[in-house]
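Please put together the full structure from these sequences, using the hints given.
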Amino acid sequence: MSDLSVERTDARAFELPGELAGELGGEVRDYIALLKPRVMSLVVFTGLVGMVLAPGSLHPVLGFTAILCMAIGAGASASINMWYDRDIDAIMTRTRDRPLPRGRIEPGAALGLGVVLAVGSVTLMGLAVNLVAAALLALTIAFYVFVYTMWLKRRTPQNIVIGGAAGALPPMIGWAAVSGDVTIASLVLFAIIFMWTPPHFWALSLYRSDDYQRAGVPMMPVVAGARETKKLMLLYSLLLVPLTLAPYWLGIVGVAYAVAALLLGLGLVALALRVWRAAGDRAAKQMFAYSILYLFLLFALMMLDKTRMVVA
Amino acid sequence: MAAMDPPEPKRTGSPLTGDEFARRRRGRNYALLAVLVALAVLFYAITIVQRTGVQ
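Residue numbers (the numbering used here), protein chains in the order written: chain A, 1 to 312; chain B, 1 to 55.
Since the hints were derived computationally from the structure, they do not count as laboratory data. Just so you know, not all the hints are guaranteed correct.
[Said to hold, decoys possible] Derived CB-CB ranges, DEER-like:
id: 1; chain 1: A; residue 1: V119; chain 2: B; residue 2: R28; range: 45 to 51 Å
id: 2; chain 1: B; residue 1: T17; chain 2: A; residue 2: G112; range: 24 to 30 Å
id: 3; chain 1: A; residue 1: A278; chain 2: B; residue 2: G18; range: 52 to 58 Å
id: 4; chain 1: A; residue 1: G280; chain 2: B; residue 2: A40; range: 18 to 24 Å
id: 5; chain 1: B; residue 1: V37; chain 2: A; residue 2: F146; range: 32 to 38 Å
id: 6; chain 1: B; residue 1: L32; chain 2: A; residue 2: A279; range: 33 to 39 Å
id: 7; chain 1: A; residue 1: V39; chain 2: B; residue 2: Q50; range: 29 to 35 Å
[Unchecked claim] Facing chain A, according to a computed beta carbon distance under 8 Å, are these residues of chain B, among others:
id: 8; residue: A22
id: 9; residue: R26
id: 10; residue: R28
id: 11; residue: A31
Note that the Cβ used here is the ideal one computed from N, Cα and C, for glycine as well.
Encoded structure:
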C-alpha cells in the first residue's frame with residue numbers, strides 16, 4: 001500500500017443524523033437515486049449499441065431482458081458503491097446530498113438492495129439470455145465494487161484508469177447477449193470506452209479537486225497536479241482518436257461513421273489542448289460536457305451506420 | 001393538572017409525522033408491487049419465447 005492510500009473514515013460519524021433512517025424510510029425517489037439513473041442510462045445505451053452491432057439476432061423479449069439486466073446490474077453496483085463510500089460522500093460537495101449521507105436511507109438497506117439486484121440481474125441474464133453475457137455482467141459488477149470502489153479508489157491516482165474497465169464492459173455484454181461470444185470487435189468497443197474514461201473523469205476532477213482532496217481521494221489532479229493531469233488528458237485523447245476508427249477497419253461500420261468519428265475526435269483533441277493551455281476551470285468543464293456528448297454521438301453513429309448498412 | 005393536559009401525539013421515533021411515515025411506506029409498497037407485477041409479466045414472456053424457441 002502506498003503513501004497515497006486513504007483509510008476509510010469512521011463511517012459511523014456520517015451515519016444518520018438522527019440514527020433513525022430505518023424508521024424514517026426513504027421515498028421511492030431516494031431508492032431510485034441510489035441506483036444512479038444517469039450512469040445507468042449510459043450503460044444501457046452503450047450496451048444497446050453492442051447488441052445492435054453484434055452479428056446475429058435476439059428475440060425482442062430477450063433483448064429487452066438483456067438491457068434490463070444491464071441496467072439493474074449497473075444500479076446494483078451504484079447502490080453498493082454508495083453504501084461503501086457514504087463516509088467520503090458526506091464530505092464532498094458533489095455527493096453530500098445523496099440519500100445515504102443525508103440519512104434518508106439506512107446503509108444496510110442500500111447494501112441489501114445492491115446485493116439483491118446484483119444477484120438477481122446476473123441470474124436472470126444467465127437463465128434468460130446466455131451464460132457468457134451473465135459472466136460478463138457479474139465481472140462488471142464485481143470489478144466496479146471490489147476492484148474500483150473498495151481497492152483502487154482510495155489508494156491510487158490510477159483508480160479511474162483501471163476502474164474504468166467496469167464502465168467499458170456494457171457493449172461487450174450487449175454483444176455477448178446476441179452472439180454469445182467475445183470477439184476482437186467487442187473488445188474494440190470496450191477499448192474505446194476504456195480510453196475515453198480518463199480524460200472524461202479527469203476533466204471533472206480538475207474542477208472538483210478541492211472536493212477530492214478534502215475527502216482524501218487521490219485523484220490525479222490532487223496527487224500529480226493540474227499540469228500533469230492535463231498532459232495525460234491530451235495523451236489519452238490522442239490515443240483515443242485512432243482507436244475510434246477501429247470499428248471501421250474491422251468492417252462493422254461504414255465510412256460515414258469513420259469520417260464523423262474523426263471529426264468528433266479532432267474536437268476532443270482540440271478541447272484537450274485548450275484545457276492544457278487554459279488556467280481556469282472553464283475549459284475543463286467544457287471538456288467534461290463535450291466528452292459525454294462525444295461518447296454518445298460516437299456510439300449513436302455506430303448504431304445508425306450499422307442499421308444503414310443492414311438496410312442497404 | 002397534568003391529567004388535564006391533552007395527550008401527546010404518539011411518537012413514531014422519528015421527526016416525521018405518522019401521516020408522512022405512512023405515506024412513504026405506502027409509496028414504497030406500491031413501487032414494490034409494480035416491480036413484482038412487471039417481473040411476473042416478464043418471466044411469463046421469457047418462458048413463452050424460450051418454450052416456442054423463437055429467436
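Hints, one by one, checked against the model:
Checked against the hint of 45 to 51 Å, the pair A/V119 and B/R28 fails, with Cβ atoms roughly 21 Å apart. At about 27 Å, the CB distance of B/T17 to A/G112 agrees with the hint of 24 to 30 Å. A hinted range of 52 to 58 Å for the beta carbons of A/A278 and B/G18 is consistent with their spacing of about 55 Å. One distance hint, 18 to 24 Å for the beta-carbon pair A/G280 and B/A40, is violated here, with the actual separation near 54 Å.
Between B/V37 and A/F146, the C-beta spacing of about 34 Å keeps the proposed range 32 to 38 Å intact. Between B/L32 and A/A279, the C-beta spacing of about 51 Å breaks the proposed range 33 to 39 Å. For the pair A/V39 and B/Q50, the beta carbons lie near 31 Å from each other, so the given range of 29 to 35 Å is met. For B/A22, the shortest C-beta to C-beta distance to chain A is roughly 10 Å, which exceeds 8 Å, and the interface hint is violated.
Checking B/R26 against chain A by beta carbon gives a least distance of about 10 Å; that is not within 8 Å, so the hint is violated. Taken as an interface hint, B/R28 checks out: its beta carbon lies about 6 Å from the nearest beta carbon of chain A, inside 8 Å. Taking 8 Å as the C-beta cut-off, the interface hint given for B/A31 holds, the closest approach to chain A being about 5 Å.
Going down the numbered hints, you'll see the structure goes against 1, 4, 6, 8 and 9, while the others check out.
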